[in-house]
Amino acid sequence: MRDDRPAPEPDASIAADRRGVSTALGYTLTLSITAVLIAGLLTAGGTLVENQQRAVITDELTVTGQQLAGGFEDVDRLAGTMENGSVRVNVWLPSDVGGGGGYSLEIVNHPTPDDQPARATIVASAENVDVSRNVSFRTEHPVANRTVTGAPVEIVFADGDGDGESELVVSEGGGAP
Amino acid sequence: MADVDDRAQLMLVGALVLAVIFVTLAVLLNAAIYTGNVATRDAGPGTGEAIEYENEATAMARTTVGEIDRGGSATYAELRGNFTDTVGDWSRAAGTHAVVGLVEARLESRSMQNGTRITQASDRNFTSDSGARNWTVANDSRARAFRLNVTQDSLASTDTPVADGAFRVTFDNGTDEWATYLHQSGGDTGDVAVSVEDPDGNVESCTVDPGSDDRAVVDLTAGTIAGEDCSAMQFFGTLSGEYTIGYVDTLDGAGNEQVVGTYAVVVDRPLDRLESGADGAGEPTATRTLYSAELRVSYRTSNVYYQSDFRVAPGEPDA
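Same order as they appear, the protein sequences are chains A and B. Numbered continuously in this note's numbering, the first sequence closes out at residue 177. Numbered continuously in this note's numbering, the second sequence closes out at residue 1319.
By construction, these hints were calculated from the structure, which means they are not laboratory data. Ideal Cβ positions, reconstructed from N, Cα and C, are used throughout, including at glycine. Check the hints yourself; a few may be wrong.
To be verified - A few chain B residues facing chain A, derived, Cβ under 8 Å:
#, residue
1, E1054
2, T1250
3, G1253
4, Y1305
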């Protein structure tokens, strides 16, 4: 038998009563440490997901831009061999990036001297996250300035701005040619 | 003390949120893998096949136009019919293969231009059918596939072909005249030489060693001698409009041959409207043929639509 702490006097203050303290203390400590741990895990996990999402969207925008550039180059090649005919090509592009966010594609033509091939840049920007990627390419025929939302597109070789010369024009909705 | 059922809620909520994070991560990683997969796929909707199809069609049409008059004396209607039939047969045969790849490919002939082939198939001097030493090969026309195959020994040996009056082919468009002299260079080697006199009287020459068979092929439309490029002969590509082709001084003043060999040329003037020293019988001969043809190719898959016209005239300077 060991000696328990003696019971306080009946009129003593409650702060002086030390009995039954360790259970409550232990409970509180456990709760707070668990809370800190879980909060840390959630924060770290959230940041991880956010970084991953950014990285994945960057990748997807790059690949999408390159695929569109590939489509432009294909049409350019066909337009080069075409005489008095027509060229129409559908390019399949994903309708969302990073697991559910939309994106837009802006095609910007850079004027070049007449004796040089045309140059254009595709600016692919995600809607939900502040990420955008540029893909530049060169073609024999100029590219028309356009902005389309990310989805399958159609590229035609036609006079898009009424100046009498045909350009590579992209438009939304690659239906059956 | 709380009810037993309400305990460990912090852990439960934390675990649930972590689970959601892990699922999101899995979805993102999946997207990343899929993107990697897409990036390594063959880019583009496959337009190479359309160009290949057109190239094959062009090759077929060139061969067909080049060979359409083999064996003879067909009328223009027969030649045109043969060409259209050949194009149709080819289109059906190639279309059968294309259908396997879910492609609809078609080739059709749009128009043809009548022409005349003037040939001398066996070695002979270059006089006309009636033996004239200066004569008109074809009047007011354009030529393709103009090749002369000459023997070295027959050519006049001179370094001044213009002054000496060597054999020449003339191209006269009414205002300007170009003359292409064929001769041997005057030195010891006696290489086959081509000298071109432009309308202003400037003369430029190319020479080539004919090799062991002592013959040289002079391709006037391609601008080559024995397969070698000759810059002096590039004028042919710049000739515009119609011109009259003539042979001059095939025999020298004393009646000696200045050139012996074979030749062939196709001009864009129909036989019945052609003035030529060649006719239907004997050497040289003039026969009906097609000068050129225009065709339309169309190629359609689920993602590509391509339609184009093209013209074939084998042996034309710029074709």
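Hints, verified against the model:
| no. | hint | verdict |
| --- | --- | --- |
| 1 | E1054 | 6 Å, holds |
| 2 | T1250 | 41 Å, violated |
| 3 | G1253 | 51 Å, violated |
| 4 | Y1305 | 4 Å, holds |
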